[in-house]
Every structure is written in C-alpha cells, then in structure tokens.
Amino acid sequence: NAGVTQTPKFQVLKTGQSMTLQCAQDMNHEYMSWYRQDPGMGLRLIHYSVGAGITDQGEVPNGYNVSRSTTEDFPLRLLSAAPSQTSVYFCASSYDGLKNIQYFGAGTRLSVL
Amino acid sequence: AQKVTQAQTEISVVEKEDVTLDCVYETRDTTYYLFWYKQPPSGELVFLIRRNSFDEQNEISGRYSWNFQKSTSSFNFTITASQVVDSAVYFCALSEARTGGFKTIFGAGTRLFVKA
Chain A
1 NAGVTQTPKF QVLKTGQSMT LQCAQDMNHE YMSWYRQDPG MGLRLIHYSV GAGITDQGEV
61 PNGYNVSRST TEDFPLRLLS AAPSQTSVYF CASSYDGLKN IQYFGAGTRL SVL
Chain B
1001 AQKVTQAQTE ISVVEKEDVT LDCVYETRDT TYYLFWYKQP PSGELVFLIR RNSFDEQNEI
1061 SGRYSWNFQK STSSFNFTIT ASQVVDSAVY FCALSEARTG GFKTIFGAGT RLFVKA
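Protein chains in written order, with the working numbering: chain A, 1 to 113; chain B, 1001 to 1116.
No wet-lab data here; the hints were simulated from the structure. We treat Cβ as the ideally placed atom computed from N, Cα and C, and that holds for glycine. Treat the hints with care, as some may be off.
Said to hold, decoys possible - Derived lysine-lysine pairs resembling DSS-like cross-links, with alpha carbons at most 30 Å apart:
{"id": "1", "chain 1": "B", "residue 1": "K1003", "chain 2": "B", "residue 2": "K1070"}
{"id": "2", "chain 1": "B", "residue 1": "K1115", "chain 2": "B", "residue 2": "K1016"}
{"id": "3", "chain 1": "B", "residue 1": "K1115", "chain 2": "B", "residue 2": "K1038"}
{"id": "4", "chain 1": "A", "residue 1": "K99", "chain 2": "B", "residue 2": "K1038"}
{"id": "5", "chain 1": "B", "residue 1": "K1038", "chain 2": "B", "residue 2": "K1070"}
{"id": "6", "chain 1": "B", "residue 1": "K1016", "chain 2": "B", "residue 2": "K1038"}
{"id": "7", "chain 1": "B", "residue 1": "K1003", "chain 2": "B", "residue 2": "K1038"}
{"id": "8", "chain 1": "A", "residue 1": "K99", "chain 2": "A", "residue 2": "K9"}
{"id": "9", "chain 1": "B", "residue 1": "K1038", "chain 2": "A", "residue 2": "K9"}
{"id": "10", "chain 1": "B", "residue 1": "K1016", "chain 2": "A", "residue 2": "K99"}
{"id": "11", "chain 1": "B", "residue 1": "K1115", "chain 2": "A", "residue 2": "K99"}
Unchecked claim - If you want the ones that stay clear, here's a sample from chain B, every Cβ over 10 Å from chain A, calculated:
{"id": "12", "residue": "V1013"}
{"id": "13", "residue": "E1026"}
{"id": "14", "residue": "T1080"}
{"id": "15", "residue": "V1084"}
{"id": "16", "residue": "V1114"}
Chain B on its own, in the form it takes in the complex:
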C-alpha cells in the first residue's frame, strides 16, 4: 500500500537551531518519486525537492539538505541554522505509477515554528 508518514505534527525551534523533519514511506514499487513541498502561512504550496528511487545521493541546497535512505524507507529534510521565514507546514509526498496513470500521496505534514 502507498503510504507516507510524517510522525512529527509540530516542531518548535529557536532561530539558528538545526531541525530535521522526518518522512517515512511505504511502497511496493521499485520505481517511485519522493517530494518535499512547503506551505508558508500564506497558504500556497511550493515545491522544494524531488528524488527518484534509484538516486540515493543526498542533496544540499543552501541551508536545506535531504537524506534519502531506501533501507529505512526514509526521506528526511534538515534545515540548518533555521530562520523565522522557515516557519511553514512541510509536506512529504510519494508518487507511484498505477495502471492507467500515476498517483501522488502526501503525508499529514509537519508544522515548523521558528521563533526569533
């Protein structure tokens, strides 16, 4: 079954702290894609990163980094030196091929509060 679990409902940190958002997924497929999206207080959903199931190389983009481990079915997101502007809800998503199409499922999200 296709499933994405973000066990952390809310996280609160003080500015400049590092924070890691966890994402665990379930899939029967060997080919799939994982995503992270950000939803700031304004409400729109913004793409952050995509990773395919055959690429376990970690990625760093500025203060953001992602750790993909197939052995533990995890795709964790770390923000280094957090800033107030990082306050948002972050969603992990899993996309799989299905007969006749594709399907993307999101986790429940993690709300991050960064306090000044």
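In isolation and in its complexed conformation, chain A is listed as follows:
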C-alpha cells in the first residue's frame, strides 16, 4: 500500500526558480490538501481540494498554485520561489475533509537560496 506519495523528498532552489511538488494517493480519497511546516508555526494549510476540478485557498496560499485534474494527483506549484518558502511541505488526503483521518505523505524539505 503506497498511501500518499510525495516527490521529491529534498529540493534546493534558487530565488526566482519555479518548481512543482508532486503528490499522489492511491486510496481514492476525494479530499487532498497541502500544508507547510515551519518552526513554531505548526502546520499551515496552503490549498485544499474536495475533488477533481475543485480547489480552494487555505491560510497561506500566496506564491503557490494548485490544480486537481484527477482524483489521485494534487501537485503544488511554486511560481517564483522566495527564501520565505523554505519549509517542509506535507501533502495529505482523506476520504472527506470533515470527519475522516488525514493520511500524510513523508514530506518534502525545500530550501530556497
């Protein structure tokens, strides 16, 4: 059982570069979300999706884009990386976002120089 798979595990970017963090789940979950984890800030919601074709903003959406063309995949795009986006990024999925457990990927550690 793969669960939630995030790639890459580590990434170093230069300021201004763009990249996509990949997230895939094989549990047929409708709800997927992206969080960033920073020291002392906990997990902050970036964007979430309640199903294919539907996305919405979380607490800290600026500088990030998402799309959900399939149930399985929910990529997170950094359009022009900034040092403030240095963080650990977690993708999560659940059967629905209200009452069900969220299953998290292993995280992507991103450094922007």
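For chain A, the structure is supplied; the task is to place chain B on it using the hints.
Positioned in the frame of chain A, the structure of chain B alone reads:
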C-alpha cells in the same frame, strides 16, 4: 474564525510522569471535528484520535486519554506514565465544513521531551 491554540510550545518531563497537552479552539460552527496527531522525530504525522462536536465523552486508550469540553472549547490530551517513546511533537486540529468543501486547521504544536 477557525482557530486552534496550543499554548505550550515545549514540555519536558521525566519518564513515568503524567503530562497534559492543552488545546483550545475557536469555531462558529455547531458541527465540527477535533483531532490529535503525533509527529515523532522521524517526521511522519500519525493520527491519534478524532472527536466530533456532539460527543463530549472522554476517551481512554492505554496510557492516552482525551478530555473534550465544549463549555471551554478545549480538547486536552493526557499521557499517563510517560515514556521516552512519547517524545514527539503533538498537533491538535479542527475540521469544519465550508461552502463547497471542508477545511482542517492545525495548531502550532507542542513539543514533548520525555527524559529517561
């Protein structure tokens, strides 16, 4: 506004001590869910418990227990007879329905150190 506050940034205890992690939440909804997750040093996030807003019954699972009080908007987590393996960051989370979907917000986390 949806908000989760974990006022304790770090807690340090000696093995076998009991410890309580506090969680206070804010919501305008009558239907919502509360969660606790554990993040051990390895970094993954592990689900511990879920509670819905209509169920105030406390729960015990082994050394873990949870106290949900709607009157004070709190969902506190107690570890009895703590062990070194309990050392982790613990997150409280609140999930609410939103127009067109749902939204889950996490607290800042409490880092627990259990010393042998």
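Status of each hint after checking the structure:
1. K1003(B) - K1070(B): holds, 15 Å
2. K1115(B) - K1016(B): holds, 9 Å
3. K1115(B) - K1038(B): Distance ~18 Å between K1115(B) and K1038(B) Cα, so the pair holds.
4. K99(A) - K1038(B): holds, 18 Å
5. K1038(B) - K1070(B): holds, 23 Å
6. K1016(B) - K1038(B): holds, 19 Å
7. K1003(B) - K1038(B): holds, 19 Å
8. K99(A) - K9(A): holds, 29 Å
9. K1038(B) - K9(A): holds, 20 Å
10. K1016(B) - K99(A): violated, 33 Å
11. K1115(B) - K99(A): Not satisfied, since the Cα-Cα distance of roughly 35 Å exceeds 30 Å.
12. V1013: holds, 21 Å
13. E1026: Per Cβ check, E1026(B) is outside 10 Å of chain A; nearest 14 Å; holds.
14. T1080: holds, 24 Å
15. V1084: The claim stands: V1084(B) keeps its Cβ more than 10 Å from every Cβ of chain A (closest is about 23 Å).
16. V1114: holds, 20 Å
In summary, the structure is inconsistent with hints 10, 11 from the numbered list given earlier, while agreeing with the others.
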